[in-house]
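2 protein chains.
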Amino acid sequence: MEVNVTGRNIFYAQSGGVTAVINATACGVIETARKERKLGKVLAGRNGIIGALREELIDTSLESRKSISALRYTPSGAFGSCRYKLKSIDESRAEYERLLAVFQAHDIGYFFYNGGGDSQDTAYKVSGISQSLGYPITCIGIPKTVDNDLPYTDNSPGFGSVAKYVAVSTLEAGLDVASMAESSTKIFVLEVMGRHAGWIAAASGLAKDRKDSPPHVILFPEIAFDKRKFLRKVKDTVNKVGYCVIVASEGAQYANGRFVADAGLKDAFGHTQLGGVAPTLVDMIKDAHGYKCHWSVADYLQRAARHVASGTDVEQAYAVGRAAVEFAAAGKNAVMPIIIRNKGKNYSWRIGEIPLSRVANVERKMPRSYISKDGFGITPKAHRYLEPLIIGEDNPPYKNGLPEYVRLNNKLVKKKLPDFVI
Amino acid sequence: MEVNVTGRNIFYAQSGGVTAVINATACGVIETARKERKLGKVLAGRNGIIGALREELIDTSLESRKSISALRYTPSGAFGSCRYKLKSIDESRAEYERLLAVFQAHDIGYFFYNGGGDSQDTAYKVSGISQSLGYPITCIGIPKTVDNDLPYTDNSPGFGSVAKYVAVSTLEAGLDVASMAESSTKIFVLEVMGRHAGWIAAASGLAKDRKDSPPHVILFPEIAFDKRKFLRKVKDTVNKVGYCVIVASEGAQYANGRFVADAGLKDAFGHTQLGGVAPTLVDMIKDAHGYKCHWSVADYLQRAARHVASGTDVEQAYAVGRAAVEFAAAGKNAVMPIIIRNKGKNYSWRIGEIPLSRVANVERKMPRSYISKDGFGITPKAHRYLEPLIIGEDNPPYKNGLPEYVRLNNKLVKKKLPDFVI
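Residue numbers (this note's numbering), protein chains in the order written: chain A, 58 to 479; chain B, 58 to 479.
Hint data in this document are derived by calculation from the structure and do not stem from the laboratory.
Treat the numbers as computed from the prediction; the structure is a model and nothing was measured.
This list has only true hints and no planted wrong ones.
If several chains are the same, the list does not tell them apart, and a pair holds so long as it fits within one copy or across any two.
Cut-off 27 Å, straight-line C-alpha distance, at most; resulting in silico cross-link-like pairs (BS3-like, lysine-lysine): (1) K438 <-> K402; (2) K456 <-> K400; (3) K468 <-> K268; (4) K438 <-> K456; (5) K456 <-> K268; (6) K268 <-> K349.
Construct the entire structure; sequences and hints are all you get.
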């Protein structure tokens, strides 16, 4: 293990929902940092930012080169992630002070936060506060979200692989229902993620290679759900094609903002609990038309499906991790690497950057021009945007029939501070 | 196209729920028949046996060698399948007579029925009836079922690929929930197929490589569901491991035979409509313990997932198709090719045969010795049985990020008989 200890250490944390390729980003961070003489070790937060608050820091320098390299093809968050949002400095001063105390105790000069919009906001806040509290930290946000709703970047690492999973699944299940439709199942509904933005559902449209092939109906959160229009479209499709494949965002909603899947349940934090748009739609269709229906809820399977990851996505996920280290070594601060699509007929991309101040709390929805006029499909423009993001296969190695994913040792650095209860 | 027309034609039909590899069987039938001088064309039923009754016969000799070869990696039923069971001769005499009239009109001397238990029963009936009606037909059953519940054969083509899909998905989703559990999701429930037999759910157990790794709870139809015991096991697992991954058969049921997923719904045929054991279990767990839960229903995705098919399964599916032709050419009748596991430490297999009279309507459930003592897992014996069936990757070719599955032209032979209404 060649570990460089000439510079200050990096704190790297994974945040929010994990993806098939967030560990590829970690791989990019760690492999690049190991080669970078100006930087010290990469210390990873155990369960994300919670690890910093609890002073539970994983010493990645103790992992073999082979294990780190295997992160590139291992899904989920190898160090643990979390759903934990730091509030404003006024509300959570103690937490920010604790964070900086831990950073100081472990000679951490760089904070890499790998997550979505909320995490970029936190990285931005830490950057400002560390200045005002007299312990300046270099903060780099690293983009990650299956929802593809981060602004400025052409796409978000994690999305391309979900998109590929959803497009492949729609293609495969579509062939299945087509062969059953004459005497049995006529309707198949696939529920996918995307509470506020319909990018994931949109990706199913890539499976449509002929006018009448699936998916026949896509439901986006951006388009108000109209039950009558939906049921008519389903019936027309069955009459014309013989069957109907529907892909629905979990966030599909009525014009008044009520989720189609909303059964009135809320979680401990008062958030509406979703995850039933598929069975809800199936009930509607059975009631109205009496067709035999099947439905699937992909849930975690879609974002964990490293076995069918997009090669483009894996490369980009690695590249934003590498870029974070390069930015830090170059003295940049409060920025996030982004993916820029180059002009030209053939798809190519490069890494750019954007100040965190501009990223924080901006959500990018599907443009109306990406959704077909009737609201049930994607346009050729959307197809051109989406297709390159799912291209390329990057299969993990297999052993005994299963992908050989790595699990790290995750040894913690010795604590130096008193406990802190979060 | 080298098409041999020296012998009588084969009627080939796909039946029941389709699989990731039933077209590999069709490929085995057609490629072998094209080389076999004693046999004529393969005419495939459009939508299975319905195609025979309606005289909708697909002339596979019009498909290119390349298209037929692509069936090997194309999921679902390329000619259409059906759920249509011929009744006894007393109840459905007209249907049997029609079947034989169509066979006679198109010089069909061989009936290949590719399906599960019901289909083997039909093939057996046709065999007997064709003798008594004076138009003897050679009937060969070809095994297919994701449920793995056919008797005598070591395993059923179609099962190995679902097993691989379920094991891979459990592994991947398990890593996901493990990385979220500290501050968010602690429970993940995956619902899989298997109404009467727990083979598919059992396959998830292949993902368990350490004592505490997922799946932590498997629910089999063969083991009476005990709510109290289940909820205690879930809580104990969360306390010990930090999270709990549950894989549930759609057919999980209480001691009195009521399905866990039974919400009182019935389909047009009076069959109980299932497909909600995952959300039902999640409701129980939330009520009892308050954990944050996620759930997934794999449904058609699992049996259509050719992109992650088992190499062993693909080979066996092809082999039973080839064997059907070889049996027919050798003059065998009323038999089904089966897969026999050879003795010895390393897995190997060969094709054998069994009379249809013995297969019909026998259902093979999981032996108790394959299920762990507490009823929530699989034994090492089950592991040894299951593992070879998921080994090997047999990826389809990809184009523009998606598998390049074939769709046949499916040209029908000219009708010679009057219409028949089914």
